[in-house]
Structure formats: C-alpha cells, structure tokens
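Colleague: Below are the chains, spelled out letter by letter.
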Amino acid sequence: MNELSVYIIASVIFLAIGVYGIIAKRNAIRILFAIEIVINAANLNIAAFARYGSLALSQAQAIAIFVIGIAAAEAAVGLAIIIQAFRLRGKINVDEMNEMKE
Amino acid sequence: MQELDKDYASSFVKYSIVAVIILLALVLYLIYPYLLALLQLLFLNPSAILNTTLFKLLIFPGLIYVSIVALIAEWVERKLVARIQVRVGPFYVGGWEGLLQPIADLFKLITKEIIIPKHADKNIFILSPVLAFIVGALPIIVIPYSPTYVIWDYQFGLLLYFAILAFYPLVVLLAAWSSNNKYSFIGGLRALYQQASYEVPLFLAALPAVMLAGSFSLTAIASAQAKVWFILFAPLSAIVFFAGMMAELERIPFDMPEADSELVSGWTTEYSGIAWGLFQFGAYVKLLAYSGFFVTIFLGGWQGPAILPPLFWSLLKVSIVVLILLSVRGFFPRIRIDQLVRAGWGRLIPICILNIVIIALLQPYIVSILR
Amino acid sequence: MYLGDGGPFWFAVFLLIGIAGGLLFYLVAFILAPRARSAIKEETFESGQIPPGGKRVRLVMQYFAFLLLFLIFDVVSMFLYAWGASYYSFAPSQSIYAIVLLILLLPPIYITLKVAKSVGV
Amino acid sequence: MDFIVPIILIIFSSIAAILSLESRSLVYGAVSLAIFFLGLSLFFFYLGLTYLAIFQVAVYVGAIAVLIMFTVMVVGEGQRRKRSVPLLAMGLLGGAIILASFIMGISYFFSLPNPSMQPSFTLVSLARYVMDNYGLILFILALLLTSAAYGAVALARREVEETA
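Chains as they are written, first to last, in the working numbering: chain A, 187 to 288; chain B, 35 to 405; chain C, 8 to 128; chain D, 170 to 333.
Please note that the accuracy of each hint is not assured.
Computed list of lysine to aspartate or glutamate pairs in EDC-like fashion (alpha-carbon distance at most 16 Å, straight line) [to be verified]:
hint: 1; chain 1: B; residue 1: K113; chain 2: B; residue 2: D139
hint: 2; chain 1: B; residue 1: K40; chain 2: C; residue 2: E49
hint: 3; chain 1: A; residue 1: K277; chain 2: D; residue 2: E246
hint: 4; chain 1: B; residue 1: K216; chain 2: C; residue 2: E49
hint: 5; chain 1: C; residue 1: K124; chain 2: B; residue 2: D372
hint: 6; chain 1: B; residue 1: K146; chain 2: C; residue 2: E49
hint: 7; chain 1: B; residue 1: K156; chain 2: C; residue 2: E50
hint: 8; chain 1: B; residue 1: K40; chain 2: B; residue 2: D155
Examples of chain B residues toward chain D, derived with CB under 8 Å [unchecked claim]:
hint: 9; residue: L193
hint: 10; residue: L194
hint: 11; residue: F196
hint: 12; residue: F201
hint: 13; residue: P203
hint: 14; residue: L204
hint: 15; residue: L208
hint: 16; residue: W211
hint: 17; residue: L226
hint: 18; residue: A254
hint: 19; residue: G380
Selected chain C positions facing chain A (Cβ under 10 Å, derived; list incomplete) [to be verified]:
hint: 20; residue: M68
hint: 21; residue: F71
hint: 22; residue: L74
hint: 23; residue: L78
hint: 24; residue: I79
hint: 25; residue: V82
hint: 26; residue: V83
hint: 27; residue: F86
These aren't lab readings, by the way, just hints derived from the structure by calculation.
Computed from a prediction, not measured in an experiment: that's the story for all the values here.
Here a beta-carbon is modelled for each residue, glycine too, at the ideal position from N, C-alpha and C.
So here's chain A without its partners, still in its complex pose (with noise of 0.2 Å):
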C-alpha cells in the first residue's frame, strides 16, 4: 500500500461520513455541514494526487481554490435558504418541511 492511497482512503472515508450525514440528518445546517465535509474530501484527493500521482502541484492548487471558491458560494446560498425557511416556518427541520403553502 503506497503512499498515495492512504491519502485516498481518507478521502473516502470523508466522503463516507458526509454522505452519512446527508442521508441520516434532520437538521437542514448538519446536512450543509455534510456537504461541507464532502466537497473537503473531493479537495484532498487533489490535493493526494497532486503530491504523488500526476497532477502538477501549480495545476492542482488552481483547481483546489476554484472548488473552495465555488464551495463558498453554495454555501452562503444555501445558508440564506435556511435563514428565510427559518423565518417562515420556524422550524428547519427537513422532514418536516414538505407542504409549499404555510
């Protein structure tokens, strides 16, 4: 087992824990949080391939900070989504958010 699958493997595991978090969590902020965690994931498997597969270093750092960029935006998105279902439904569990009128 060389180097560069240690670093894959954790990657996987990061995508195993958001994907658990997506699917088993309530709360619509855990569910960001997972998504969070996987998008951290897909960032430190370029992050492994860059150091000892073939990626250039320069090539992966420009791909990374696009997906951290990118990543940013969804997530203030996706926060100004909860604040505002928070604010009419006063509640922001995902289960129970599933009828469009009040």
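Position chains B, C and D against the provided structure of chain A, taking the given hints into account.
Modeller: Here is chains B, C and D on its own, set in the frame of chain A:
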C-alpha cells in the same frame, strides 16, 4: 431562591490542573535539547544566547517582551487619554505617576471572583478567553524586528498572519453565544459585522506590499524596502490599513461592539475577573502584533539610516505606531455601526482597489526603481 | 527529532505555551479568587429588568449582506494574492484579467448594498 | 509504520467530522466543523501544498465557518427529537456501501509504482497557470459569487409581516 446547580468551577479546576501539567510536560519534552544548549551557552559565551530561537520565542520577540509591552501600553493609554481629556489619570498606585497601576489591575483581576452565569454554555464560556488570548498572541511569531530577531522567518509569513487572525471572529461569536445574554448577543454580532467588513480592506491593503516585494515572507518584504519604504508607493493602502487595523482592534472610533452607553460592554458583558482580563490582555497583544505588522509592511521594518542599529529602528517605529493607535482613543467620538460598515465598504475598498490598479499599471517603472 | 527546529516546531511550542499560560491564569485566579456563589449573582445581566423573550431575528439580520460580501472578497483575494506575489513576472498587459477582475467587483458591492437596504436585510 | 502522520491526521479529522454531525448542540457542531477544516489544512501542509493550506484556513475558517456560526446563532438550537432507527440504519448503510465500493476500487492502486517527488512549486507557476488558462473563468467566478451574494440577500429578505 432557586437552588444553585453544581459548582462548575471546581470541576474545571481539576481538569485544567491536569491539562496544564500535561501541556507543560509536553513543552518541556519538546524543547529539552534546546534548553540544554541554552544552558551550556550560558557558561561558554553568554552573548550567543541572543540568537537561539528558544530565547527569541520566550524572551525577545516572544512572550516576555509582549506581556511587558502590553502592560506598558495599558499604562500609557490611560495616562495619554487622561492628558488629552485634561485630567491626570492613574496617579497614586506605585511610584512615579501611577507606574504600577497595570500590575495592580492584574492582581485585582486575578483576585476577583469569576461569575459563571447559570444559563451560559459553561465549557465555551470558560475557554473562549483562552482562545482569544492565543489568537491574539500567535501572530507575533511571524513578525520580524530585524533580520535575526524573528521567531519563524516563514516563506508565507504574511498569509499565515491573516490565517491566524481569521479565527478571531469565530472566538468572538463563541464568547457572545455562550454568555447567553442579549447585550453580548447583539454586541457579538456587531463585532462580527465590523470585523467582517474591515478584514477585506486589510487583505487588499496588504496586497501592494506583497506585489512590490514579490514574496509573502515578511523579512523579504522588510528587506525589499531598503531604498524606498512601501508607504511611498502605496500611501492610500497604508491609510486604509491603519483604519482597518483600528477597526480590527475595536479601538474607540470603531468601538461599536462594546459601546458602553448602549451595550454595557458588548460581547464581554458576562465576563468578570481574570476571564475579562484575558480578553484585555489578548487585545493589547493583538495591538502590538498589528503595529509590528504595519511597520514591517509599510514603514520598512528595520530599514533606516545607519545612525541607529536596525533593531532600534524597528522598535522605534513600532512604539510610534502603538502610541498613535493608543492616542486616537482620545481624539475621536464613536462612529455609529451603519456609518462604520458603509464607510468600510463604500470608501475604503475602492481606495484600495485604485491603489492596487495603479501599482499594477506602473509595473515597468517600479521595476526600474526597486529592482 | 522528526519535527526538527523548523518553523512549525516553534509554532506548536508557542501554541502549547499559550494554552498552558491561559489555563495557568485561570488556575491562579480560581485559587486566589473567592467563590461566593448566589442565584441572583448568576442571573443573566439585564441592568436590573427581567430578561423578556428574545425578538432577536429582526435586529440580528441588519448587515447580513456585508458578511456575504466579505466571503466573496475572501475568495477573490485567494486569486489576487497568487497574482500579486508574481507581480514582477507579469507585464501590465498580461495582468489585464486581474485588474479587470478588481474593477469588476466594485459595482456588485453597491448593487448588493442597495438591494440589502431596500430589502431590509 | 511509515504512514504515522497521515493516520493521525485521518483520525483527528474524522473525529472532528463525526462530532460536527453527531454533537448534541449545533454550536459544538459548528466548532468541530471548523476544527475539521483545520485538520484538512494540516493535510495540505503535510502534502506540500502550503498556499492552498493557508487559504483553506483563511477562507473556510475565516468566512464559511463564521457564516455557519452566524446562521446557527440566528436559527438557534432546535429541540432534539428521538432519532428514528431506520433512518440511522439507512444512513450508515449508504455510507458503508460507498466506502466498500471505493475500497475495492482502491485495491487497483496497490500495484501503482511509488512516483518520484514533484518538482519544487513556485507561486509564479500557479499565477501563470491561473491567468493564462483560466483568465476569463475568473470573471465567471466573480459573477457567480456576486450572484450568490445577491441571491442570498434577496432570499434572506425580511417580509413586511414579521413571522419569527
């Protein structure tokens, strides 16, 4: 009379005794070889001690220097602001002119009772002062006072400085949320808004220094200013950085989060005794860190005519900047939160961007001057 | 020693000393300071009145837009610092993208602030 | 054990990640998420991508974790209802299936030869790479970010009749 829940403080004392012992044992284990080398040097040639990193970490640009300057800054601030407001300031404690007043304050704070509010989130409530002190103190590792007197001459020193200070808003929110008090909640959010909208001008104002020096390491930036200080190339950014610095340190013109008239004392309302003391201590250490950073980026660190050795130049400049920062408290009234935040976005950022664009366009001429 | 005397080693040592110092402050305070606890003393501080229910949401969302703009400029500064550090290898004609990017970011500030003010966020 | 440092980092970060999902109060969750971001940047430091590691800390902990903490403070702590077992089981099952499928995929890599060290990385190559290949895409990213902020502001607007 509601009954009191179990005494949180005594259980905390037990845990923190164990934690302190483990931490100090770990530190001792880590620096053991360096400690031996230091002691040997003590007998062989004591002058060589001055540039061992352990000495630098613990004494000169490290802990002892910072805490002494923090105490002195507290005394100087109270006397200076008092003189500006035509009163005397601390006079009776200690010898001449109340010189021992800060030490008296320290002992007073240590012996004051720490009140932990009932509904507070006790773990975070107790730990956030320690976090604030650490986030305030950590950046001084990267700041150079002379080519040799820097603890860690890191290749990305400037970025590390900003990365460490990115934790401060988080600590402010934790402190505000854990004390479960309306004043601290509103004060914490105001502090968050102020710091969020003034961290951007700080980032953009530090960019010209990076561009002109061509690298992130603070010693390279300082040594690149041998001929011309960067404040001459980027005066607008220096002004914006100074304003951003005052906002980050929550000095008087930007003192919205702990506006005494409305918010009692902002997000540190529920803290008493040494917990509040740690916040203040962290604030003064951050003041020193920021002024060291400002001197390194815009006023050319230790560069100066050969009258004084380089170390005294940087100490002189840092003390001047600290004095200016302290005296501003006496001159300006407090700005309202909306003026403050809109000024931050409406005026400071366009000035910063203008300055960066000018430097970027004048690249061929600047290359001829600096390189 | 694996960590050697590189920078991160001293960073970790300084961090540990900082944590130990903070806790030491607390230890000395808990030993010296009196512990006279009383229910009234531990009520949340409300300058005397009874703390009513929180109407926080309105007041809290005053400047939410500025927080988002801070997020944007943080992300954009990631690219700007990369371009800034290599200033001497970019002729002005080549750094057009960065300059236009900087200028392009000004109008959104005013638009978002105007919308935020009208929308009351 | 020559992988001692990555394994310590894996354990540290996965505990922080699990804590951020499973902790009793949301504020503890947000704090452990910030610690998870810190763990990720330690990974990047160890892998040699220092520029990325520092900005991972500056952007994630400095902006996103602060935004999350702000939302948690606005929304406040919801009451914790008893977790229904089937959902938990489904979640665990989903995570386990994905982990198993990838582990099998990884076994292909066991035979991968250990590649040599990367050439030293200079920032100029990063800036050159971004500016030459992704110059225009920077504008799209800037537009995307401003539309995200614009949308977030429009989304989080305050109706005339205040319901919260």
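Colleague: Checked against the structure, which of the hints given earlier come out wrong?
Modeller: Numbers 18, 19 - these are the hints that the structure violates, sorted from lowest upward.
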